[in-house]
Amino acid sequence: MSLREKATSGIKWSAISQVGRQVMQFFTTAVLARLLSPDDFGLLGMATIVIGFVNLFKDLGTSSAIIQKSEISDSLVHSIFWVNVAFGIAGTLVLLLVAPLIAAFYSEPRLIPVLRLLSLTFGISGLSILQKALLEKDLAFNALAKIELAAVVLGALIGIGMAFMGLGVWSLVYQAIVVAGVTTLLTLGAIRWRPKLFFSLKDIQQVSSYSLNLTGFNIFNFFARNADYLLIGKFLGTEALGYYTLAYRLMLYPLQNISTVITRVMFPTFVQIQNDNVRFKQAYLKVVSTIALVTFPMMMGLLVLSEPFVMTFFGDKWQPVILLLMILSPVGLLQSIVTTVGTIYTAKGRTDWMFIWGVGSGLVVTTAIAIGLRWDIIGVATAYAIAVAVLSYHNFAIPFQLIELRVRNMLRVLWRPFMVSICMLAVLVGLKMWILPVTFAPSVVLAVLVVSGLTSYLLASWLLNQEQMSSLLTTFGCQKN
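First residue of the sequence shown: 1, per UniProt numbering; consecutive thereafter.
Derived from the structure by calculation, the hints contain no laboratory data. Hints may contain errors.
What the hints assert, rightly or not - Straight-line C-alpha distance at most 30 Å; calculated DSSO-like pairs for lysine-lysine:
(1) 202 with 137
(2) 196 with 286
(3) 137 with 348
(4) 317 with 69
(5) 202 with 286
(6) 317 with 146
(7) 281 with 137
(8) 202 with 348
(9) 69 with 432
(10) 432 with 146
(11) 137 with 317
(12) 69 with 234
(13) 317 with 202
(14) 234 with 348
(15) 146 with 202
(16) 196 with 137
(17) 432 with 348
(18) 317 with 234
(19) 281 with 196
Values in this document were obtained by computation on a predicted structure and should not be read as measured data.
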């Protein structure tokens, strides 16, 4: 099987996994949002920030290093496994100890048992991080898809079942633990490799520069991405954070479904052509074009559909989420493309550039969010959107130097998906404002707008963007070359 065929197969299986997981997670979120309170979601939001931060240290970037290196020795693989296990156990122990301090920071004593129970996920996940990286390096996304789908389905069943039993935030906590446990067990069973009692510091030093720079970037990027959660939780409280958490989750669904699916596969693919900038550029532009064809209409659609969408799936108590979604939708559009540049840094082995840019951009985003706090969660969302827009040009221009690509070359492949999405947006706005009666139920309005949006987008694509749409269909095997 050629590299292109492997990549296409990987994208298909990764898409099956990601879409399946996100559909299940969306269904679970919708059910839990009706059974739980914004306060429950806010409490978990606080815990999620802490869990996400500790997760940055679970492998110190060694998994990416395994994928990036063209040749790896058995001694390096075994050594990295034990590093992952050690940091998994350390993460659990640290969180057990510092949970009271974190709860004191938030003035929320209920966080202590939540964090301590969630700390188990680090020790569990540490046992399978290396094996998962080996599967990704071999582009074995079919096996990973089955593992991830099984884990999220079982986690959803546990979460929903516990919510119906009236267990509140604990339904969300046990859902996360079940997902981590099932993922680890199935990953261990999916690969023949078994660890040996061997460790070499010299082997670890071979990947230390790459891995530590990547970890440094991840730390600053984490604070930039979670500064809103952290500051809202500290200064505006759990209810405000609950509204913001749901809005941000919904904004991320298209990003996670499309961009993450493709970039996850493209990293090990780009590694194999890292020394051929011509092929690298061609492959990269095809990736961003494919992503834009799907995420641009989704995010522009969300801008108009936010009100009937929230009212239909989540109910009246979540009305503050509507305006937040409208503000964050353009952020999702930009982020769906920006998230792809990380594969350029990592495939080229320039995590040092990635780290330096991460520090600068992280400071800009955090400062903007701190300023936005003066105007409640709407101010935070607006400030975040402005910061993302301001940083967008340099987000592309800096890594593009590594593959000799210009920003204008990327814009040439993005302008057609953008204009087609604008046409769809105009249709949706016209229907919502001047044609659909205000007396229609939100579910009816949502159904009409979704069908109208999809129809208008496909028609506009057929008229204005046939070439890229045909390429997308060919990539996913929907039509022959």
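Holds or violated: residue 317 to residue 202, with C-alpha atoms at most 30 Å apart: Violated: residue 317 and residue 202 sit about 57 Å apart, past 30 Å.
Pairwise hint evaluation, residue 137 against residue 202, where the allowed Cα distance is 30 Å at most: Judged against 30 Å, a Cα distance of about 22 Å means the pair holds.
Hint consistency between residue 281 and residue 196 [alpha-carbon to alpha-carbon, up to 30 Å]: violated (40 Å)
Satisfaction of hint between residue 348 and residue 202, Cα-Cα up to 30 Å: holds (23 Å)
Agreement of residue 196 and residue 137 with the hint, judged by alpha carbon distance not exceeding 30 Å: holds (20 Å)
30 Å Cα cutoff - pair residue 202, residue 286: Since the Cα atoms of residue 202 and residue 286 sit roughly 39 Å apart, the hinted pair is violated (cutoff 30 Å).
30 Å limit on alpha-carbon distance, applied to hinted pair residue 137 and residue 317: Violated: residue 137 and residue 317 sit about 45 Å apart, past 30 Å.
30 Å limit on alpha-carbon distance, applied to hinted pair residue 317 and residue 146: violated (36 Å)
Hint consistency between residue 69 and residue 234 [alpha-carbon to alpha-carbon, up to 30 Å]: violated (41 Å)
Restraint status (C-alpha distance of residue 432 to residue 348 at most 30 Å): violated (47 Å)
Pair hint outcome, residue 146 versus residue 202 [Cα-Cα no greater than 30 Å]: Roughly 36 Å separates the two Cα atoms, so the pair is violated.
Agreement of residue 432 and residue 146 with the hint, judged by alpha carbon distance not exceeding 30 Å: With Cα atoms ~40 Å apart, residue 432 and residue 146 exceed 30 Å; violated.
Checked against the numbered hints above, the structure breaks hints 2, 4, 5, 6, 9, 10, 11, 12, 13, 14, 15, 17, 19 and satisfies the rest.
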